[in-house]
Amino acid sequence: MTPSVLYALAGVLLFVGALYTLIIGPELVRRIMAFNIMGSGVFLVLIAFGARQPDAPTDPVPQAMVLTGVVVAVSATAVALALARHIHALSGHTRLPEDSPSDSI
Amino acid sequence: MTLTQLPWAVWCIMAPLLLAAACFVLGKRWGPLAGWLSAPLVAGVSSMLVWQVIEHGPQRYELGGWGAPLGIALRADGLSALMIAMTSAIVLIVSFYAHSYFQPAHGLTRHGDADDLAHRRQYFWPLWLLMWASMHALFLSNDLFNIYVTLEILGISSVALVSLAGGVALTAGMRYLFVTLTGSLFYLLGVALLYSAFGVLDLDLLGARVEAGPVVWAAFALMTVGLLLKTALFPLHFWLPSAHANAPAPVSALLSALVVKASFFLLVRLWLVVFGPLDALEWARLLGMLGSVAIIWGSIQALRQVRLKLLVAYSTVAQIGYLFVVFPLVAMGAPSAWPGGIYFVVSHAFAKAAMFLCAGTIARALGHDRIDMFHGVGKRHPVVIFAFGLAGISLMGLPPSGGYIAKWMLLSAAIETEQWVFMVVIHAGGLLAAAYVFRVLQHAFSSLPCVSPAQGEVPRAMELAPFVLAVIAILLGLAAPYPLMLMEIGDPFALATPAQGQP
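In order, the protein sequences belong to chains A and B.
Each step along the first sequence adds one to the number in numbering that gives the first Met the number 0, with nothing skipped, and position 78 is 77.
Each step along the second sequence adds one to the number in numbering that gives the first Met the number 0, with nothing skipped, and position 47 is 46.
Think of the hints as simulated: they come from the structure by calculation, not from any bench.
C-beta atoms are modelled at their ideal positions from N, C-alpha and C, and glycine is treated no differently.
Among the hints, erroneous ones may be present.
A few chain B residues facing chain A, derived, Cβ under 10 Å [to be verified]:
no.: 1; residue: Gly64
no.: 2; residue: Ile152
no.: 3; residue: Gly166
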């Protein structure tokens with residue numbers, strides 16, 4: 000097992016674990032962090048594949064993708080945190096209520 | 000360089016992007032006006048691209064002069080041109096509606112309300128144009144990773160627009176954000192796998208290299224699930240009703256009409272161009288089955304709703320089901336189902352945008368949208384109820400509407416491949432749609448006296464915009480050959496029949 004495969008597997012593991020937390024957790028900040036870890040998992044997979052051949056120079060394209068991906072993740076996190084703050088200001092806590100779309104306006 | 004040789008595909012993305020930045024910078028006083036004026040401008044640029052595709056065939060543009068595999072290419076064939084024409088027409092009409100929607104109404108007396116409204120109007124337009132730009136970019140991109148970026152811009156701007164309504168919409172927006180981000184990450188993991196296996200991101204280059212194998216199957220599964228989550232196919236629709244029903248009316252209209260279709264378009268593109276060699280019959284069957292359940296279950300939920308906006312939102316869940324019936328029809332040997340499905344996308348987009356705008360106008364006129372308290376609305380706002388009825392005709396699939404043409408194409412594909420289950424489901428969905436549309440009309444035309452006090456005048460644009468959209472939904476049935484011809488330019492469905500004429 001080459002190191003790059005090991006890193007890729009670790010990335011998949013992070014992705015799956017964080018996905019689990021994202022789905023079950025009611026706490027908003029926890030879920031936002033889970034999303035970030037999920038993203039890091041994907042980035043790890045990308046970087047690992049970029050360095051697949053130990054002798055050849057590293058493929059720069061996945062690194063460029065990760066760079067863009069990090070920017071996207073930061074903006075998404077900013078939006079999520081802003082929303083969480085608004086929800087906190089409105090309801091006094093940072094949890095999502097049970098799903099009931101029939102809530103009236 | 001003449002007018003037809005300009006890279007209109009680039010301007011389709013750049014124009015709304017630059018104008019969004021301009022609106023943001025111009026701020027509270029001039030931003031909204033600039034946003035409103037931008038809409039016809041962007042629509043004009045889009046129509047130039049459509050004209051270019053009609054005149055000169057498919058367009059390909061390499062950004063910055065860097066060709067694939069390293070550079071990013073834009074591609075506009077007939078299918079993307081049709082999607083862009085649909086997007087621009089709907090966003091333009093809804094922009095007129097939105098301009099009135101965010102004007103201070105007479106009923107607003109408290110100072111805080113007016114401030115709140117000005118705040119919303121200021122941020123609405125930049126986000127609106129950003130969403131428009133991302134949809135154009137998604138329809139035109141020919142690069143897997145660039146598509147990921149457009150998906151994220153689309154998701155984030157949609158969430159921000161939903162949350163503009165405040166209150167319940169904040170939690171709906173939060174849930175929507177988690178869903179759309181998860182979907183994008185599934186997609187991105189799929190991109191990572193495909194790149195590791197083939198070393199290219201360009202759709203056409205990838206399509207030429209892909210061979211069935213475990214990595215491709217894994218990427219296929221990840222990307223399909225991620226996009227299904229964004230398209231809200233049953234049972235992944237759980238987030239849609241609350242997000243679509245609690246957003247401001249113009250935003251609901253675009254979310255239901257266009258945003259869910261963008262991820263569907265992407266799914267179709269990937270199945271055709273990249274995953275053609277997989278021959279995923281079982282997956283197609285599964286999607287068809289889920290689509291059928293969505294049609295029945297979504298329609299029944301729509302029938303049970305108390306609020307009009309939720310009824311319309313659940314109707315979207317049902318109508319999305321039809322789009323996925325296309326997959327088993329094609330897989331069993333009826334490639335004519337692709338144009339049928341795309342035609343369904345277009346006609347549903349106009350009808351559903353009209354319905355959400357009607358719901359918004361009625362909510363403004365009555366101060367609520369409880370269906371059982373709609374007595375007398377038909378008399379007070381005949382244009383709005385007429386528009387709702389016309390849009391309903393298209394949803395039911397009655398001639399001569401666009402919905403009729405689309406359902407007819409799907410039905411004939413079902414007959415051709417002898418898949419009788421789908422015939423039953425398509426007809427049952429039409430009947431159920433009739434039931435929920437008539438339920439609204441029944442209360443609106445009721446002769447009982449109107450119990451809801453009038454909330455002041457409704458602006459004229461808020462009555463006319465849904466009417467125009469509904470009329471287009473009907474006209475799509477009468478003028479069907481033109482959109483159908485447009486979407487066939489460049490033969491986007493060519494890979495639908497795998498292994499024909501290939502060694």
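Each hint tested on the structure:
1. Checking Gly64/B against chain A by beta carbon gives a least distance of about 18 Å; that is not within 10 Å, so the hint is violated.
2. The beta carbon of Ile152/B comes within 8 Å of a beta carbon in chain A, closer than 10 Å, and the hint placing it at the interface holds.
3. Residue-level restraint check for Gly166/B holds (minimum Cβ-Cβ distance to chain A is 7 Å; threshold 10 Å).
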